[in-house]
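Visitor: Sequences listed follow chains A and B, in order. Read in order, the letters of the first sequence are residues 89 to 402 in our numbering. Read in order, the letters of the second sequence are residues 1255 to 1552 in our numbering.
For the record, the hints were derived by calculation from the structure and aren't laboratory data. Just to be clear, a hint being listed does not mean it is correct.
[Stated by the list, open to error] Quick list of the computed label-pair ranges, beta carbon to beta carbon:
| hint | chain 1 | residue 1 | chain 2 | residue 2 | range |
| --- | --- | --- | --- | --- | --- |
| 1 | A | Glu177 | B | Pro1454 | 37 to 43 angstroms |
| 2 | A | Glu177 | B | Asp1312 | 50 to 56 angstroms |
| 3 | B | Ala1542 | A | Ala129 | 44 to 50 angstroms |
| 4 | B | Arg1512 | A | Ser256 | 26 to 32 angstroms |
| 5 | B | Pro1368 | A | Arg238 | 47 to 53 angstroms |
| 6 | B | Ala1459 | A | Pro380 | 46 to 52 angstroms |
| 7 | B | Ala1459 | A | Val275 | 55 to 61 angstroms |
| 8 | B | Pro1454 | A | Gly159 | 36 to 42 angstroms |
| 9 | B | Asp1455 | A | Ala91 | 52 to 58 angstroms |
Glycine residues also receive a C-beta, built at the ideal position from the N, C-alpha and C atoms.
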Amino acid sequence: MSAIGTMVSARGVVGQTLHELAAEHPHVWGLTSDVGDPIKAFAQAFPDRYVDVGIAEQNVVGIAAGLALEGMMPFVAGMAPFISMRSLEQNRTDVCYQDLPVRFVGWGGGLTTGGGSTHNAMEDVALMRTLVNMAVVSCSDPNMVGAVMRRSMAYEHPLYIRLGKGKSDPCIYEPETMTGEIGAGLVARDGGDATIMAHGELVAEALAAAEQLAADGIDARVVDMYSIKPLDTELLLRCVDETGYLVVTEDHLAFGGLASAIADVLVDEGVRPKGFRRLGVPQLYTGFGSAPEQWVKYGYGRDGVAAAVRELLA
Amino acid sequence: MADPAEIRRLDELSAEMRRLLLRLCGHYSGAIHIGGDMSMVELLISLYHHGMNVDPDDFANPERDRFILSKGHGAVGMYIAMALRGYFDMDEIMATYGQLDSAYGMHPCKIQLPGVESSTGSLGHGLPIAVGLAFAARQRRESHRVFCLLGDGETCEGSVWESANTAGSYGLGNLVAVIDRNKQMMSSLEGVAMNLEPYPDKWRAFRWRVVEVDGHDVGAICDVLDALPPVDHDDPNAQPIAIVAHTVKGKGISFMERNVGWHAGSLTDEQMHEALAEVDARLAERLAATGGGIGGGS
Ligand SMILES: Cc1ncc(C[n+]2csc(CCOP(=O)(O)OP(=O)(O)O)c2C)c(N)n1
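Given these sequences and hints, build the entire structure.
Guide: Structure follows, in structure tokens:
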């Protein structure tokens, strides 16, 4: 566990945590479809609970479902676009329909691979959260994935854990801040003038935006809605009540992800913020380039978020 | 047998393609899929510079042979092979690859880069698309071929075999799958995790005609391509053809060969220079062995 600002590989945390959990729990398995590098140490220690099926995402999820039917707890390590889209029907029908405790750990969430639209995971939150029984968590701090994985040992349902690039990211929390509780949100920075809600890598961007706003005398709250489903509706409603304005940013299509989940709650509860903006990928297939460059291009990185808050408050 | 001067030309082009890949891998800030690029150099050069009927100046000509890079992570290899043929501007590739708003990214995009037949990058998609192109050609009674280059690891995807089944059942004789059989993927080491043998027999079982070839011998590859039977939509015995090309991941650079750590990577200056020198040395060796005197020498 590392202090704020330290650079940590979330994929490394996945491997380390899986190794630890497997040592404690004989029913923990690790599966992958040819992207098993991060869980190599686990694979070497527990070769009889490791399967690498080659490049075959549908296959690996079906196998995970079979293992879970026999009482195992399989963690499927993969790339976010393929683990959400390629195997979608297996995710739904084999895993969710039977309400099995399969964990999908996907890295490369949003535009973080830079590999273009075949490799962007900009629909994954929308697709996964629409599946009945599936919980969706998106990690902002590289150590958060460890907390969620440990916590998930007591969670008996399907779970999607989304990571960003996951190679080297700054820690943004003190370790004990992250309970990994599924269904909770985290106030990453307090503030009373407006609330910025984000998940994954965009939480750090939202925090940077709040810094910019503070320089202008705007006191923005930043909420890490890492548990996109189930959503911490109590926290959401409290923030709207206390700060009035709400900006949601995410490395995902602007429609279908966290912002849509939030909008559903607000409409259903009959709650109307004083102002609401959603930022994210517009309805297009993005091109190449690094994620931070694209966040700027499509206006949902720190500058875009700060601008949206200023506009709302103007 | 392919003409020695032609073999020499293709060997030189292959060496040039390797140099360009290495230079890009040296100066680009991110990782390049250099291992799989190197393993398909001779295949791409033999297809784009010898076997396929294509014209960069008239790249949408309906009579052209079609090419689908199903292993889309090898995009930069395809860009370079195509640029050497005159499709694209090499300097632009070298200067903008992977950058914001460049048409040349990690996986080929047909919309951003006309000349590419289909966007690919998610593995296991190319062959079904190629089958679609082949069906369209058959219905229009066109005589061009559809080539599809796949990674062997990619053929772990069920969709590959679903489309292989279709092509075999419908006897699509205008379809040629070329498999880059380097026996490595990304994390599943063949022989340790997956075992794909008996590989050619798998294709045969799906009613394909199989030809095996040394995927680094341009002469042998050209012989296979030159011997493809003419497309005959009325032949009831027509079969799709699988060229299983035996290759080496990272081919041509000793420190990369068969080292799966080089599936994707970037080179330090020192590594790049070492690798470039090896390309020159191996080309000289190869030209000497294949009668390098023909064509005037350099
Ligand atoms: C559907 C899908 N799953 C995973 C990946 C990630 N990936 C890119 S290349 C690769 C390994 C490819 O191995 P192979 O097909 O043998 O190609 P080569 O060794 O020639 O590079 C993987 C797993 C992908 N691009 N698409």
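Visitor: Output the numbers, in ascending order, of every earlier hint that fails for this structure.
Guide: 1 and 2
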